[in-house]
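Colleague: Since chain A is already given, all that's left is putting chain B on it; use the hints.
Sequence lines, in order, name chains A and B.
Just so you know, we're using our numbering here: the first sequence kicks off at 1 and counts up by one.
Just so you know, we're using our numbering here: the second sequence kicks off at 333 and counts up by one.
Simulated from the structure, these hints should not be mistaken for lab results.
Be a bit skeptical, because a hint or two may be false.
Stretch by stretch, here's where chain B covers chain A in the computed footprint (C-beta under 8 Å, at least three residues) [to be verified]: (1) 140 to 153; (2) 181 to 190; (3) 210 to 216; (4) 220 to 231; (5) 236 to 246.
Away from chain B, derived, C-beta distances all over 10 Å, residues of chain A [to be verified]: (6) 23; (7) 56; (8) 67; (9) 125; (10) 135; (11) 172; (12) 175; (13) 201; (14) 251; (15) 322.
C-beta atoms are modelled at their ideal positions from N, C-alpha and C, and glycine is treated no differently.
So you can see what is in the structure, the chains are spelled out below.
2 protein chains.
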Amino acid sequence: MKIVVDAMGSDDHPGPDVAGAVQAAREFGDHIILVGDQAKIEAELASQNTSGLALEVVHANQAISMEDKPSQIVKNKPESSMHVGLSLVKVGRADAFVSAGNTGAILAVAMLRQVGLGRIPGILRPALGVIFPTKQRPMLIDNGANADCRPEYLVQFGLMGSLYVERMLNIENPRVALISNGEEEGKGNELIKETIPLMAASGLNYVGNIEPKQFMQGAADVGVTDGFTGNLIMKTAESIASYMSGIIRDELMANPITILGGLLTRSAFKRVRAHLNPDEVGGAPLLGVNGVVIVAHGRSNAYAIKQAIGQARRIVENQVVAAITSGIAGER
Amino acid sequence: MKIVVDAMGSDDHPGPDVAGAVQAAREFGDHIILVGDQAKIEAELASQNTSGLALEVVHANQAISMEDKPSQIVKNKPESSMHVGLSLVKVGRADAFVSAGNTGAILAVAMLRQVGLGRIPGILRPALGVIFPTKQRPMLIDNGANADCRPEYLVQFGLMGSLYVERMLNIENPRVALISNGEEEGKGNELIKETIPLMAASGLNYVGNIEPKQFMQGAADVGVTDGFTGNLIMKTAESIASYMSGIIRDELMANPITILGGLLTRSAFKRVRAHLNPDEVGGAPLLGVNGVVIVAHGRSNAYAIKQAIGQARRIVENQVVAAITSGIAGER
Chain A
1 MKIVVDAMGS DDHPGPDVAG AVQAAREFGD HIILVGDQAK IEAELASQNT SGLALEVVHA
61 NQAISMEDKP SQIVKNKPES SMHVGLSLVK VGRADAFVSA GNTGAILAVA MLRQVGLGRI
121 PGILRPALGV IFPTKQRPML IDNGANADCR PEYLVQFGLM GSLYVERMLN IENPRVALIS
181 NGEEEGKGNE LIKETIPLMA ASGLNYVGNI EPKQFMQGAA DVGVTDGFTG NLIMKTAESI
241 ASYMSGIIRD ELMANPITIL GGLLTRSAFK RVRAHLNPDE VGGAPLLGVN GVVIVAHGRS
301 NAYAIKQAIG QARRIVENQV VAAITSGIAG ER
Chain B
333 MKIVVDAMGS DDHPGPDVAG AVQAAREFGD HIILVGDQAK IEAELASQNT SGLALEVVHA
393 NQAISMEDKP SQIVKNKPES SMHVGLSLVK VGRADAFVSA GNTGAILAVA MLRQVGLGRI
453 PGILRPALGV IFPTKQRPML IDNGANADCR PEYLVQFGLM GSLYVERMLN IENPRVALIS
513 NGEEEGKGNE LIKETIPLMA ASGLNYVGNI EPKQFMQGAA DVGVTDGFTG NLIMKTAESI
573 ASYMSGIIRD ELMANPITIL GGLLTRSAFK RVRAHLNPDE VGGAPLLGVN GVVIVAHGRS
633 NAYAIKQAIG QARRIVENQV VAAITSGIAG ER
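This is chain A alone, in the form it adopts within the complex:
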């Protein structure tokens, strides 16, 4: 197994990206190709123990930042680490691509005819799936690849999410739901209302419309939404969790008794944080492109990068791309 890691991806690149790649090479025994500024990558590697690991560096002249507009990357940065890295997967020199960089840019480059992977035949729009870090680990799709969607896209998101959780989480006949502002008939916006009959006729195990609460509680294995709404749901969840942690921390410092209580409950809060830690579930798979692409969080540390690489290798092993390819062919 060969996995490409964009060394210029994370907010603090290339430190976490390189360190995560080294951890993955050691833990999984895979061949990891680090793509980016060769001098910088080698400086990072020099500070790591890499003996016996299959690590390769491929130089890229440019790096895409969070400020780069996806629409201008094609013209302005044709030699970025994303271009070079994805083309290695395209030509078959590697099995998967992992980046903690600019999501819009990864999408745009992945879709380029020259270097990108393009779509799986029949897929209208690739979508970002994300495993929600609540106990039941449901998948939310789309998490931001498509701000505006048509009903047919949503049905395909349901199909891709369904095949993903079936292969990756061993869930038989996964339950697929639309995320909506109510479960009752008549609820939803126009997009949801138009999607309902298509979902019902899709052959998916469509279980209806659910609200965020039911979704978090595991009422479906796959929650389907347009990328704008999905992205806001995910960002709201992250923000509230971090906001609550902050006010709990503040309130625990209020007086000596609560400070003592805070010390005694430290192990419990450590488990709460681990439980809700998005790093645990890896990155977001970009489903529908003709190859394995994982988009990790920009704030990823080395551990999160390592987890994302582990997820990429499991997607390869479980042949998720082949499953989507035949799934969509069967649908047509």
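Modeller: Quick look at chain B alone, frame taken from chain A:
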């Protein structure tokens, strides 16, 4: 000041609705008109100390449930407590209407020509505002009245929200933002992108697009969104807060040390809960209708109903409807 309370509104009606009205009559000294099943209301009142309070009961033959579809209420339940209550405001016998009932039904009845209040002239669509229970108390609008929106609606939501927080929270020149999936140019769905130039030209203190995190941190006083997205943001926030409380509770029970710690930190968690308690901020004002309407949470207890009544009276005192009426007239 006379305020109508829908006694048939909350999930456990008429208990919390009547008890909240009694508390409000005592605390604020207002005249409260309870509308609903007279026998049931009087039975509840009999269990309360109401001496010296200005409480009136007006009978309504029907009650609208959460299962009633707003589209069928006009035909099926023309004598509901919502119809009767809102008509009291319409004819000038009362100053405001408070209900913890079916939101869609309140909207539908409020818009009826015969008994309802109708729109303020020039308002395209009324919207639900809701004060977000984080420290900075920003307003999110629309919180669910309009699942599908046009750019002009969003600009008016911004205007109404702006006038509301100016009058109610004494914020001068409130900052208005669009809630989006990113702050950068080019982010947003089609609706957001089309709304940006209108907002910029609106004369509002438009400060750009913000993500949920910045919104919660108070980067704007008013966050504007379509009702579908706004409703899902609010529901996600509530669900995550309650999910986190649940796992914290579970983890604190893990062993004797954390149990002891849990006891010592009880006061801190009580403050955390109070801080995030949506009951504190009252209900959601339905802005843009030609009168004062507050939609309280279906799960409201007596305290939440009392708070919603307090909010209604402050909206009347601060002449928010008049402010919106002249604000929208100035815009045209």
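Colleague: Against this structure, judge whether each hint is valid.
Modeller: Against the structure, the hints come out as follows:
By the rule of at least three residues with a Cβ nearer than 8 Å to a Cβ of chain B, the coverage given for the region 140 to 153 of chain A holds, with 3 such residues. With 8 residues bearing a CB less than 8 Å from a CB of chain B, the region 181 to 190 of chain A meets the requirement of three and the coverage assertion stands. Given as covered by chain B, the region 210 to 216 of chain A passes the check, having 4 residues with a CB less than 8 Å from a CB of that chain where 3 are the minimum. Coverage of the region 220 to 231 of chain A by chain B holds in this model, with 5 residues showing a Cβ closer than 8 Å to a Cβ of that chain against a need of three.
Only residues whose beta carbon comes within less than 8 Å of a beta carbon in chain B count, and the region 236 to 246 of chain A has 9; three or more means the coverage holds. Residue-level check passed: residue 23 of chain A sits 28 Å from the nearest beta carbon of chain B, beyond 10 Å. With a least beta-carbon separation of about 34 Å from chain B, residue 56 of chain A lies farther than 10 Å from that chain, consistent with its non-interface assignment. Distance check for residue 67 of chain A against chain B: the nearest CB is about 8 Å away, which does not clear 10 Å, and the non-interface claim fails.
With a least CB separation of 14 Å from chain B, residue 125 of chain A remains clear of the 10 Å interface cut-off, as annotated. Here residue 135 of chain A does not stay apart from chain B, with its beta-carbon only about 8 Å from theirs, under the 10 Å limit. Every C-beta of chain B lies more than 10 Å from that of residue 172 of chain A, the closest at about 26 Å, which supports listing it as non-interface. With a closest Cβ-Cβ approach of about 18 Å to chain B, residue 175 of chain A is found to remain outside the 10 Å limit, as its non-interface label requires.
In this structure residue 201 of chain A is separated from chain B by more than 10 Å, as the shortest Cβ-Cβ distance comes to about 23 Å. Non-interface call for residue 251 of chain A relative to chain B: violated, since the shortest CB-CB distance, roughly 4 Å, does not exceed 10 Å. The Cβ of residue 322 of chain A sits about 31 Å from the closest Cβ of chain B, beyond the 10 Å cut-off, so the non-interface label holds.
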